[in-house]
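Chain S is already provided as a structure; the job is to place chains C and A on it using the hints.
Protein chains in written order, with the numbering used here: chain S, 1 to 327; chain C, 1 to 327; chain A, 1 to 327.
Don't read these hints as lab results, they were simulated from the structure.
For every residue, glycine included, the Cβ atom is placed at its ideal position computed from N, Cα and C.
Simulated pairs of lysine-lysine, DSSO-like, Cα-Cα distance not exceeding 30 Å:
#: 1; chain 1: A; residue 1: K50; chain 2: S; residue 2: K326
#: 2; chain 1: A; residue 1: K198; chain 2: A; residue 2: K138
#: 3; chain 1: A; residue 1: K138; chain 2: C; residue 2: K280
#: 4; chain 1: C; residue 1: K62; chain 2: A; residue 2: K62
#: 5; chain 1: A; residue 1: K326; chain 2: S; residue 2: K62
#: 6; chain 1: S; residue 1: K62; chain 2: A; residue 2: K50
#: 7; chain 1: S; residue 1: K50; chain 2: A; residue 2: K62
#: 8; chain 1: A; residue 1: K50; chain 2: S; residue 2: K138
#: 9; chain 1: C; residue 1: K62; chain 2: S; residue 2: K326
#: 10; chain 1: C; residue 1: K215; chain 2: C; residue 2: K130
#: 11; chain 1: A; residue 1: K326; chain 2: C; residue 2: K62
#: 12; chain 1: C; residue 1: K326; chain 2: S; residue 2: K50
#: 13; chain 1: C; residue 1: K62; chain 2: S; residue 2: K50
#: 14; chain 1: C; residue 1: K62; chain 2: A; residue 2: K50
#: 15; chain 1: S; residue 1: K50; chain 2: C; residue 2: K138
#: 16; chain 1: S; residue 1: K62; chain 2: C; residue 2: K326
#: 17; chain 1: S; residue 1: K198; chain 2: S; residue 2: K209
#: 18; chain 1: A; residue 1: K251; chain 2: A; residue 2: K209
#: 19; chain 1: A; residue 1: K184; chain 2: A; residue 2: K130
#: 20; chain 1: C; residue 1: K278; chain 2: C; residue 2: K209
#: 21; chain 1: S; residue 1: K62; chain 2: C; residue 2: K62
#: 22; chain 1: A; residue 1: K62; chain 2: C; residue 2: K50
#: 23; chain 1: C; residue 1: K138; chain 2: S; residue 2: K280
#: 24; chain 1: C; residue 1: K50; chain 2: A; residue 2: K138
Beta-carbon label-pair distances, calculated as ranges:
#: 25; chain 1: C; residue 1: K130; chain 2: A; residue 2: E16; range: 53 to 61 Å
#: 26; chain 1: S; residue 1: A271; chain 2: C; residue 2: G131; range: 25 to 33 Å
#: 27; chain 1: S; residue 1: V55; chain 2: C; residue 2: G43; range: 23 to 31 Å
#: 28; chain 1: C; residue 1: T275; chain 2: A; residue 2: G225; range: 54 to 62 Å
Listed below are the residues making up each chain.
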Amino acid sequence: SDTARMSVPFDLQTPERTRLSIVGRDILTVRQFDRDTLHYLFGQAHEMRKMVDRVGHFELLKGKVMAALFYEPSTRTSSSFIGAMQRLGGSVIPITSVKDSSVAKGETLADTIRTMEQYSDVIVLRHPAKGAAEEAAKASRKPVINAGDGVGEHPTQALLDAFTIREEMGSINNLTITMVGDLKHGRTVHSLATLLSKYGVTFNFVAPKSLAMPKEILDMVRENGAPFTELEVLDDVLPATDVLYVTRVQKERFASEEDYMAVKGLYCITAHTLTRAKEKMIVMHPLPRVDEIAPEVDSDPRAAYFRQMQYGMYVRMALLAMVLGKA
Amino acid sequence: SDTARMSVPFDLQTPERTRLSIVGRDILTVRQFDRDTLHYLFGQAHEMRKMVDRVGHFELLKGKVMAALFYEPSTRTSSSFIGAMQRLGGSVIPITSVKDSSVAKGETLADTIRTMEQYSDVIVLRHPAKGAAEEAAKASRKPVINAGDGVGEHPTQALLDAFTIREEMGSINNLTITMVGDLKHGRTVHSLATLLSKYGVTFNFVAPKSLAMPKEILDMVRENGAPFTELEVLDDVLPATDVLYVTRVQKERFASEEDYMAVKGLYCITAHTLTRAKEKMIVMHPLPRVDEIAPEVDSDPRAAYFRQMQYGMYVRMALLAMVLGKA
Amino acid sequence: SDTARMSVPFDLQTPERTRLSIVGRDILTVRQFDRDTLHYLFGQAHEMRKMVDRVGHFELLKGKVMAALFYEPSTRTSSSFIGAMQRLGGSVIPITSVKDSSVAKGETLADTIRTMEQYSDVIVLRHPAKGAAEEAAKASRKPVINAGDGVGEHPTQALLDAFTIREEMGSINNLTITMVGDLKHGRTVHSLATLLSKYGVTFNFVAPKSLAMPKEILDMVRENGAPFTELEVLDDVLPATDVLYVTRVQKERFASEEDYMAVKGLYCITAHTLTRAKEKMIVMHPLPRVDEIAPEVDSDPRAAYFRQMQYGMYVRMALLAMVLGKA
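Next up, chain S with everything else stripped away, as it sits in the complex (with noise of 0.2 Å):
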């Protein structure tokens, strides 16, 4: 948000220069992030997990304010940033029913944004409009953090998925991953091809026609020399697969029962399922699942869904840290 703290001196070495590019600046989108300062990041976020693992909490943000600003409720969200911004000892000003407030009445988001930065030292924002953490970020002097705008971005999310393939597989280089389910709707694996096709991965992307991934993310992919495949049954692909990403599909998005109905089966993980994938492969999926993954799943390690919200906490941790110029 300030142009100020945008200039870093060159002089300096990479990870000082990486470190340092991320401080003071807004967290829009996962565009912003090159291989450097995402190495940069998972790094202070697997200190996080040691840090939570051997002594639970660190005062290494005693004294900032985080104002979590959701115009629309996303408990895992927020509690998941609110949990990250206290486990460094930070405080929070929890401001989760915009909608219904005096501020919202009237307001551009940007005097509702100024008036927040007066009294908190960094603001995460949730918003139902595409957009909307851009224009935070252009209103204040305060380093925003996009925690989702609508059908545009939700950075943290495709950092966190990231994130636990690192933690879980060891890296993320030279990985089969394989995408599931509703692949021409969800940001969520917008973001994560986007992200991840850096890494020298190898994609499958298994959707009914209608739902296939849209052809911009395919462009992208295809860009950064990442080699994939599209199909529509899982079963040719899934026993070389080292990540197994499942995304909801949902009723809505089908002209007819029955169209809803023939392919729902097609993309629902059971334990059945899994006798066919790898010993050490992960099963990921960004919650909340409703029928694509059966409970029988969830005692198999391989089930890396809910450590996934974990690894989310400590990547926030770390953002929150290196914007605050902490970490």
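Chains C and A only, in chain S's frame:
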């Protein structure tokens, strides 16, 4: 929730074993508390009371995070838990409008709990459905504290009621406890009668016939060896009463307005009522009160119902410290 | 709330007596502040400002708990109080949806307050009904701070406005204050005019006839010896103005759309308007603003309305510290 946490070494002395018996455990029902554990809990709650009186707070739970997951609003209970956690230096993720949130949409309670446990060290759950707390505890590796599950249990209410009696009267043993009002529907009086019946108390149950104490509670009280009398009017038993526990008589419970009006006055406590009570006795009420206790009674030192709220905070401080292994 | 707290030893020197005069007291109205107390308050608020600028936070209220009891939403005010408490190391029980809560059902405000005081050290109350804060203060042994009670008072708003003028202009004494817009309905301008009239200022009240400053406020201003002029247009008085306080002119206040449109433009501040203003003057607004101040004005250094929000946090920090006996 975690079987590993439940294995207590049996060669330990009783107090230490009692202490350990609750570390990492869920708090689901008053039935899980034997007299040793209650003794230990009340001792800890008493220490909390002294500490708050003297210094206001203590960093016992610094860095610990409590998720307050309220599926129905209960300002009194959530504020008490939040205040308790904060007085011990811990922090809180407040989730008080789960209804509106995307977490709730189609997600099972178990999945929501498995998500929240990733961010927190202990989960306080309020839910409208009986059995919800037990279901949550099964899903969670972190301790779950039941803050009321519909017509099920509300164990911390019964514990705070018992602690109030202990602090105000010196001891619970051998007191005469008179419960008055709607004894049929209140889970509060059911849990409390169950709990107190282990302390050699004598009960008077004063209610209109249609709102009498249910047979299964009377059976349990009898089993525990506590003598009781059922009455329809308070007059005869008031002079010998040590603890007068008043509950709300709700108009909706009666067939007609006349039935209600006929009964209402009988169970309303006024300054005049108390002229016939002991000098050293207390009046309790779970709150909110409406007409059952006249405002004029508030200034009587025997009116303990607001102090009761404060004892509630101490009991919750003790429980939080105990399940988190810090007391 | 507590009469004992109000007896201040009279042989103390003035500053100490002034300080003590507010310890443990309720903050209900601007009328309770004499110039000595205001001087002390603004000095403390100035210290808070320096402290936040230099180190960001200070553990002055560590272990203290503030209940934020909002019977109607006001994100701006609640966030400011929450941020203030947290920057001083204190913690907050946020109760921002009392409406929906069981506490509200049939329970008197006094009973709710008597419950909340059991958990907290200070209660911040926002309520739609005039007189609610005073009623709450009578019920409470803990200090109550009025954060707005309907058409009643909103004392911290007037205090922050006065503090803004002091910080931005060096002093309040002898300034020319021009208030413009709807001067009939705004409790903000009524309280502020009352407060400032003690400082030897000169007022211009600029409003359409139908929205002029009420007679009782004019009487009070006159009594306090502050000269004032009533006008319908801003033009003549703008060049001599030190503080231009703009308020919202709401369409609903007019008989017809035409009446509104005829007047609206007259009270809208643009970059062009300010070409005729002093170089050293400030533009204030209680926010939210809609059309009264053009966005182009925001980049003018004289636009003080967002800084005003920050001064609000400092004033609330000072008040919290003072009522809790720590400043």
